[in-house]
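*Asks:* In order, the protein sequence lines correspond to chains E and X. Here the first sequence is numbered in the numbering used here, starting from 1 and rising by one per residue. Here the second sequence is numbered in the numbering used here, starting from 1001 and rising by one per residue.
Treat each hint with caution, since some may be false.
[What the hints assert, rightly or not] Under 8 Å between C-beta atoms, here's a sample of chain E residues computed to sit facing chain X:
hint: 1; residue: 19
hint: 2; residue: 26
hint: 3; residue: 168
Honestly, the hints are just simulated from the structure, not real lab data. For every residue, glycine included, the Cβ atom is placed at its ideal position computed from N, Cα and C.
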Amino acid sequence: MTDTRSLVRGLGATAFVLGALAFVVGAPVRPPHAKRAPVVSAAARDALDASAIESISALQLAQWIRDGRPGLRVLDLRDTAAFETKHIPSAESFAVAGLVSVLPKPGETLVVYSDDDLRDAQGSAWLVGVGHARVHVVRGGMSAWMTEVLSPVVQGDSAMAVAALSRYFGGVPRLSSPEDDARATPKARVADSKEVFDFVARRGC
Amino acid sequence: MIAPLPLDATSRSASLAGALGVGIAFGWCLERAGLGSAPKLMGQFTLRDMTVLKVMFSAIVTAMLGLFWLSWLGVVDLSHVAVPPTFIGPQIAGGIVFGAGMALAGLCPGTSCVAAATGRLDGLTVAAGFFAGVLVTGLAVPLMANFYESGARGAVALPTVLGVAQGTVTFVVAAGALVAFALAGRVERAMAERARKVHS
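Pulled out of the complex, with its shape left as it was, chain E reads as follows (with noise of 0.2 Å):
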C-alpha cells in the first residue's frame, strides 16, 4: 500500500516537472538557433528568388486545410484588429517583424497571406531567407478568400468541388456573380441556391 502511494507520488512528481520544463522550454521543438534571433545571411540572400516563393490560390490553401496537408502553417500577416475580425481557419497572428520567431522545421509548409503585395513579399522572402524550404503566398490575400472560398461563383466542371469546398468553411457558393444576383428575380436566385445545395447534397457518405 505504501510503495504504490510512493509509486503514485513519484509518478505526479516526475508529471509536474516534466509538465515545468514544458512551459520553460515553450515549444517541443529544439532549434538550433534558439538563443539568437535567425539572421538573414548574404548567401541566403543570394539564393532567394523568385522561384523559392510560390504563389498559390486562395482555393488551394482551403484544400490544404481540409484535407489536413502535414506540417501546413498558415501565417497572417495583417494587423491584429483585422486579424480579429476575420481570418482563415488555423490562421496565426504575425507582424512581419514578429517572424522572426518562426524557427525553420523538416516537413513544414508555411503559406503566408494578407492584404499588401508589400508585406507578403517582406514575410515570405524573410522565411525564405532564414532557411523555410516551403513557403507560399496566397494570391489576393482575405480578400482572394472571401470571394474564392467563402463566395465563389461555381461554374464548370469544378463547380461541385468548389461548392463542397466552400460549405466545409461556411461559406455561400454562388451560380452567378453579384451583380448578375442584383439584376436577378428573387425567384431565380432561389433557384440557383437550390442547383449549389444540390451539387453537395448529392455527395455520397
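Position chain X relative to chain E; hints supplied.
*Replies:* Then chain X, alone, in the frame of chain E:
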C-alpha cells in the same frame, strides 16, 4: 499519416499491425483499470468512484508530456500527428448525444469493446448499438450536409486559440490533472464517509 507510425503504402501492413497492438494494449489497460464494468463507470456520475477521471486524465497527461518531449528530442515529428478539424455546432451536438448515451448505457465505445471482449452481455449490446449508430449516421450524412459541415474552424489546437506556447498549455494541463486527482481523492473519501453514516 499518424506519428510515430508512418501510414504509407510501403509500410501499411506494419502500421496496421502496430495499430492493432496499440489497440489491444489500450483495451488491456482499460480492463485492468476496471473500466469494462458499467457500475464502475456509473460511479463517476455519482461521484462515488473517480477511477474514470483518474485513468483518462492520466492517459491524457502521459500522452501530452510524452509527445511534447519526444518531439523536443527529435524522435516524433508533431507535424505528422493528425489534428481532427473543428466543427463547433455538430461537435457540441455529438458531445451531447455521446454523453447521454454513455450515462444511459454506463459504457462508452472503447469500454463497451472491452466489456464485450470479456463476455459481458451489456458490453455486447452497447457495442452493437454504437455500430448501428455509426451506420445510421453515415447513411444520414447527405440529408444533414449543411449542419454536418457547419461551424468549420479547421484543425485548431489550444495553443493557437489561446495565443500561448505549447509548453504553457502542457504545464497547465499537467498541473490541473494533479489538482484534479487530489480533489477526486477527497470527494471519494467524503462520499464513502457519507455512505457509512447512512448505513449506520
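*Asks:* Should the interface hint for residue 19/E be scored as holding, given a Cβ-Cβ cut-off of 8 Å against chain X?
*Replies:* Check passed: Cβ of residue 19/E comes within 3 Å of chain X, closer than 8 Å.
*Asks:* At a threshold of 8 Å, is the proposed contact between residue 26/E and chain X supported by beta-carbon distances?
*Replies:* Because about 4 Å separates residue 26/E from the closest Cβ in chain X, which is inside the 8 Å limit, the hint holds.
*Asks:* Holds or violated: the hint that residue 168/E contacts chain X, with Cβ atoms closer than 8 Å.
*Replies:* Holds, about 5 Å.
Hint compliance for this structure: every hint is met.
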